[in-house]
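In numbering that gives the first Met the number 0, the protein residues as written are 0 to 566.
These aren't lab readings, by the way, just hints derived from the structure by calculation.
The beta carbon of each residue, even a glycine, is placed where N, CA and C say it ideally should be.
There could be a bad hint or two in this list.
Dumping the calculated DSS-like pairs for lysine-lysine here, alpha-carbon to alpha-carbon at most 25 Å [claimed, not checked]:
1. K105 with K116
2. K276 with K176
3. K16 with K74
4. K511 with K105
5. K471 with K93
Now the in silico label distances, taken between C-beta atoms and shown as ranges [said to hold, decoys possible]:
6. L114 with R55: 26 to 36 Å
7. R565 with D321: 35 to 45 Å
8. E561 with E184: 40 to 50 Å
9. K93 with D348: 42 to 52 Å
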Amino acid sequence: MMIKEFFENKVIEAVKKASLDGKLGGLSDIELSFMCETPKNLEFGDYAINVASLSRYAKMAPPMIANILAGYIEKENFDINIINGFINFKLQEKFLFNILDEILEKKENFGKIDLGKNRKVNIEYVSANPTGPFHIGHGRWAAIGSALAEIMKYTGYDVFQEFYINDAGNQIQRLAKSLELRVKELKGDVIDWESEENKDLYRGEYLIPCAKKYIEDNKGLSYADFAKQDMLNLQKELLKKFKTDFDLFFSETTLYKDGEVEKCVNALKNSGKLYEKDGAIWFKSTDYTDSQDRVLKKSDGTNTYLTADIAYHKNKLDRGFDLLINIWGADHHGYIPRMKAAIDALGYDSRKLEVLLGQLVNIIENGEAVRMGKRKKMVTLDELVDEVGVDATRYWMLMRSIDTTLDFDVELAKTKSDQNPVFYAQYAHARCASILRKAVEEKIDIETKEKSPAFMEKEELDELLKTHKISKLYENDEKANSATKKLILKLEEFKAAIEAASRLRAPYMICKYIQELAYDLHHFYNFARVLTDDVELSKMRLLIIYAVKVILAQAFNLIRIEAPDRM
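Use the sequences and the hints to build the structure in full.
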């Protein structure tokens, strides 16, 4: 249970007891809800709950209510004081000891909750056309999707990650023709890429290596199949490099081969939700939440993109998923109501579909956004990763809420400074590892080169981390004590950050937490020396450092970046 929830429950229980004793005047049977907050003035307490909302029911002044309730709260390692209508809670050392003890006991399982109740969730993301390299927007979907999958697994969901291969339609025919021309070009033909016939083809140089491979050994494949397979292989290699793993790459063409598209159309027809107009077949999506009806089959007999997409979502629901989460670009906003309408029309529950709409990524150079077409050095995700690294790219892609435009400062992302968020965060973990190493290393005087014994033997440190017996928390230094408490309470907030990130489908909240924890660690380090002559105090601080290292490592693991021990 989280601390804030703990105190909220304490107050709710006190209200119920006081009401039964008739101490709260005219208070009737109402639904109780309180919000535990951090007081602006920390001298009042570490947490506070405002009970003034009960005045209208109890017909009493807030301070009187607060005092009555305080008498019904059994104090468990905390003190209470009343300020106006606020019940303030001041934590004792033992309360903080218990927080550390729980972290050190559970380690990488700290913060795990069964929010999902093992519900089966399909998260579909990236799902790029196999016609070329990933653009940087795909990198944002890859980072968010893979991090969300880890967070939801950690909170009790049965997660399945899926990539939908858009390998049917006109874009594949254009890809085939583009490869064919590149092959001819390599064989000596002169190709007019600006001609009316060729101007809409894929003219990127990325197809030249593909064409060379086709000439060497096309394996009997058509231009379309060879290009599609080669592009998909390149995408898979980059996803692996980017620490993004899918359970299934689902091919759109299989929906046609297996007859699922036609079955889906027939199912909608049987539901009475299709009609013919101007030689085309229309879906009555306005019977639901859509703004207009949608064409499923054109007058020439070909299907629209929507038709296959509906069949694909039906396929996922038929596989038994309780929840479908799709990550789409913001330009797909209008696609949501028509997809939900189709799900309802097919007899499923459209509430099973959640769509996260992602905004664009701006590349920032010299403080200004640079249009990708103007930046010759880098236009693809692969090039961005090569320039700034996997961890930096992932972290920057995750730092902001998906519904806000992301400004990616390339130069800053490469710097080793506190201004670079990912460096600042990873350095915090490396600092913890360094402190723990120094505790068991011989000390060497820089000037005399003389050695003195380590603070403790490695076996002694291992035993301390294993038993985590705590006897002393504070010293006679107010700033050090304040920094110590602040850091321990921030460690406990990992629970709330995990739950919120999962519930709100918001991995950026983990990055926000990491930054705050790193700040509190560095603040603690500045005011509270770890290895001192006070052995018991030093042991306590080593345990705090180890707890920070554990939580940082787990947070990094959830967003799939490294937790370095040295930097």
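Checked hints:
Only pairs whose Cα atoms come within 25 Å are accepted, and K105 paired with K116 is accepted, the gap being roughly 20 Å. For the hint pairing K276 with K176, the CA-to-CA distance comes to about 34 Å; that exceeds 25 Å, so the pair is violated. Taking the CA atoms of K16 and K74, the gap is near 15 Å; set against the 25 Å cutoff, the hint holds. Pair hint K511 plus K105 holds up; C-alpha atoms about 23 Å apart against a cutoff of 25 Å.
The straight-line distance between the Cα atoms of K471 and K93 is roughly 10 Å, inside the 25 Å bound, and the hint therefore holds. The hinted window of 26 to 36 Å between L114 and R55 holds, with their beta carbons roughly 34 Å apart. Remark: the range hint 35 to 45 Å for R565 to D321 is upheld by a beta-carbon distance near 43 Å. Look at E561 against E184: about 42 Å separates their beta carbons, and that is inside 40 to 50 Å.
Evaluation of the 42 to 52 Å hint for K93 and D348 yields a pass: the beta carbon distance comes to about 48 Å.
Hint 2 from the list above is the single one not met by this structure.
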